[in-house]
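Listed below are the residues making up each chain.
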Amino acid sequence: MNQWTTICKHQELSENSGVCVLFEEQQVAVFYCKRSAALYAVSNFDPIAQANVISRGIMGSTQEQTYVASPLYKQRFDLNTGICLDSPEFALKTFSVRVEAEQVQLKKAG
Amino acid sequence: MQLSGFFSGKTADDLALTDAGYYQEHGINFVLNDKVIELDTNNNRVITSSGRIESYDKLVLATGSYPFVPPIPGSDQAHCHVYRTIDDLEAITESGKVSKTGVVIGGGLLGLEAANALSNLGLDTHVVEFAPRLMAVQLDNGGGALLRRKIEQLGVKVHTEKATSEITVGEFCRYRMNFADGSFLETDTIVFSAGIRPQDELARQFGLEVGERGGIVINDQCQTSVPNVYAVGECALWQGQIFGLVAPGYQMAKTAASHIKGEQLSFSGADMSTKLKLLGIDVASIGEVHGNTPGAQSYTFSDEIEQVYKRLIISQDGKKLVGAVLVGDAQAYGTLLQLLLNDMTLPDNPSVLILPDTGEENSAGLGIEALPDSASICSCFDVSKGDIKQAVAAGCCTMSDLKETTKASTGCGGCSALTKQVLDAELAALGFTVNNHICEHFAYSRQELTDIIRIKKISTFAQLLDSCGTGLGCEICKPAVGSILASYWNDYVLEDAHIELQDSNDLYLGNIQKDGTYSVVPRIAGGEITPDKLITLGQVANEFDLYTKITGGQRVDLFGAQLHELPAIWKKLVDAGFETGHAYGKSVRTVKSCVGSTWCRYGVDDSMALAVNIENRYKGLRSPHKIKFAVSGCTRECAEAQTKDIGIIATDKGWNMYVCGNGGMRPRHGDLFACDLDQQTLQSYIDRLLMFYIRTADRLQRTSVWLENLEGGLDYLKEVVIEDKLNLAAELEQEMQSNINNYQCEWKTTLQNPEKLKRFKHFVNSDTTDSHLAFELEREQRIPVKKVQQQSIKIIELTE
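Those protein sequence lines, which keep their order, are chains A and B.
Position one of the first sequence corresponds to residue 1 (my numbering), numbered consecutively onward.
Position one of the second sequence corresponds to residue 1 (my numbering), numbered consecutively onward.
Just so you know, the hints here were simulated from the structure itself, not pulled from any lab data.
Using N, Cα and C, we set each Cβ at its ideal position, and we do this for glycine too.
One should not assume that every hint holds.
[Said to hold, decoys possible] Computed from the model, here is a short list of chain B residues facing chain A with C-beta under 8 Å: (1) Leu472; (2) Gly473; (3) Ile499; (4) Glu500; (5) Arg666; (6) Arg668.
Produce the complete structure using the sequences and hints provided.
See the structure below:
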């Protein structure tokens, strides 16, 4: 059984920033880093601000970590692990994401 | 010396050293409007005119001084004033309204300040001095002569070696002053500034020892001839001298207080060196300049073209500084004063201390390291180099910290450059690299990035990162670079290349709220709005159920719009003739205005029209932080212009311009920048000042903090903007014009671009909306459902 679900076209992503997609009734923020040709997918819900805004944050890097800074209170979340760099007791759920034939796909949970 | 501040808009409260609250807090009972008329040193008590009797263990007399008016017949007439108290200044201002000509008698320091005041009141101003030169106490002949030349070029006429014998009725003016040499001068107003006399009446009357020419005699502990009675300040006579400056007064007060507490400070005289700006001219005098030191030799530098005079007087053996006179350029003051006060050895070739800076490293600058810890850096608040070192060690890293902690450089401000040098040297010594890099991705300050972008004509973040950055960028450098790019090229902020740079608000051209919805603020220039437009706002708010509030900037804010609603809302607003208000940007926000002379019976000029013009000129200008303006139509200041970045107040001769004020967390009154401007000049000053701010400020630095950190402060800013010292004015104006030419209403552009409109959806792959949002009603309007906040949210502070 195919575990990957197509959610949008690659060109619908926003370069070096995020968009929000609806995936299995969850809000998922998908980030596209053009500079490293990498994709990231995390939960769109900011656990600190309690609002669905993560996809509207600014992408950044510190040392080797790539993160998104929440647009509301600026906490940074590692895009690979989802862990909040500023308050590690908080974390975003992460999703596996890939591009297949110009289609962006998310992997269904186990 | 703060008195002249009154004429540049400071109030009596601003100038007061403290207030009633301070006394209350410290348990001090203070009595006003009750004069002490009897001093009973035998029974240790004082009696006042209202009959109050107070006894004391220790008594401090701080009765100050009064201005000396020479006994000239006719000197007691209605428009003859002294220059001393705020009442005097108000009386001078009143006289100024019914006068064309004004004379100051006395060409000393205070006299020249008074002349400046008269000249600012628009009077044809004269200075009459008994001695052969101006500032006879502080300057030598060469310095006095140059000062005179410069002052005369400013239109103030100087008459030296004139003794006034009487003041009679004038033929052309109100009064005629007859001089001892037979000549005369006619004038409508006279201000006496012929020195001070100690206020020693009480001491004299009740048997304390006073000097032959006045002054309560004190010893090194500030005790008078009665040991439990002290005298401090200008009423006190120490070793035959009266000290008419602030710093020695503070020093005496400290000495007396320490003696009362049983400690052992002593007053050992005070350095009377002075540096000041008189009618815009730098003048400084250090040490002894009248050739009273045997064997002293001197160096003189005189530049008639630039009008600079500097004389250095050194000891016979050439090793120590005796004194110095600086006119036209007083930059060397700090260095020279330290050499004198700390009795330091001069460099091998002392002339470098006064020679103009040739741009090469020479020894003119005094190595800060060479100063002993005891060296006084700020004489107003008696802050030593040691005090600053301590403060830095305790964590002060910026000038603002240091000012707050030590008060250094918050009095006359003359020591600010020196204080900054000590700060930097200390930080370096403690191993801090004084690093102003914007973040880990760019090893440059915001100002340097601005230069790189401007000079290399860089137009995208990607180009900048390639040319001088590392990594991916971050939430610090991206918006900062976005702002710089917008300031210079003013592209549409949602161009593909710029989207990643836009912070929470700019990204969707709205102000993000706590639940992720946005507020909408259309521009209402100057707060002026037609009824039809107001109705449109109401209709739009109604249709989209938006919570509606009037803002502090005289506009209307509509809250609770969801991402997908923004285009429809803006379509209606743009169709009705509204433009974006840029409330979401670090950019020009509003020009607040009173209604002005159109309606107001007090209005002096048309503040409304000016406000609308200014707002339309600068709208959309992106800057290091938000910029607010206000225009008031008269001095009643209903628009609160002095709390804005740029404040403009109508006068009967034009517009006064105030700069770098702000409200908010740390309020600051704007500084008076220029007076009585016509609209064209006003506009060019605003152009230059704002572009200079954009070019040199740090990220998220308001104009107030920018000015406080600008080396040279307000005077320097005036030199750059008004006198065009850096030869930048034309370039800055041209940059502003180019920004203005590229103005666009970002919402109008967005509405015409179907690709960009696609961004305004909650999901890229669904038309549904954010199901998490929930609203309730409060006072008949829709607000987000109130959640019980479990714990306070830690806000990551990106501003300084």
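Cross-check of the supplied hints:
no.: 1; hint: Leu472; in the structure: holds, 4 Å
no.: 2; hint: Gly473; in the structure: holds, 6 Å
no.: 3; hint: Ile499; in the structure: holds, 6 Å
no.: 4; hint: Glu500; in the structure: holds, 4 Å
no.: 5; hint: Arg666; in the structure: violated, 21 Å
no.: 6; hint: Arg668; in the structure: violated, 26 Å
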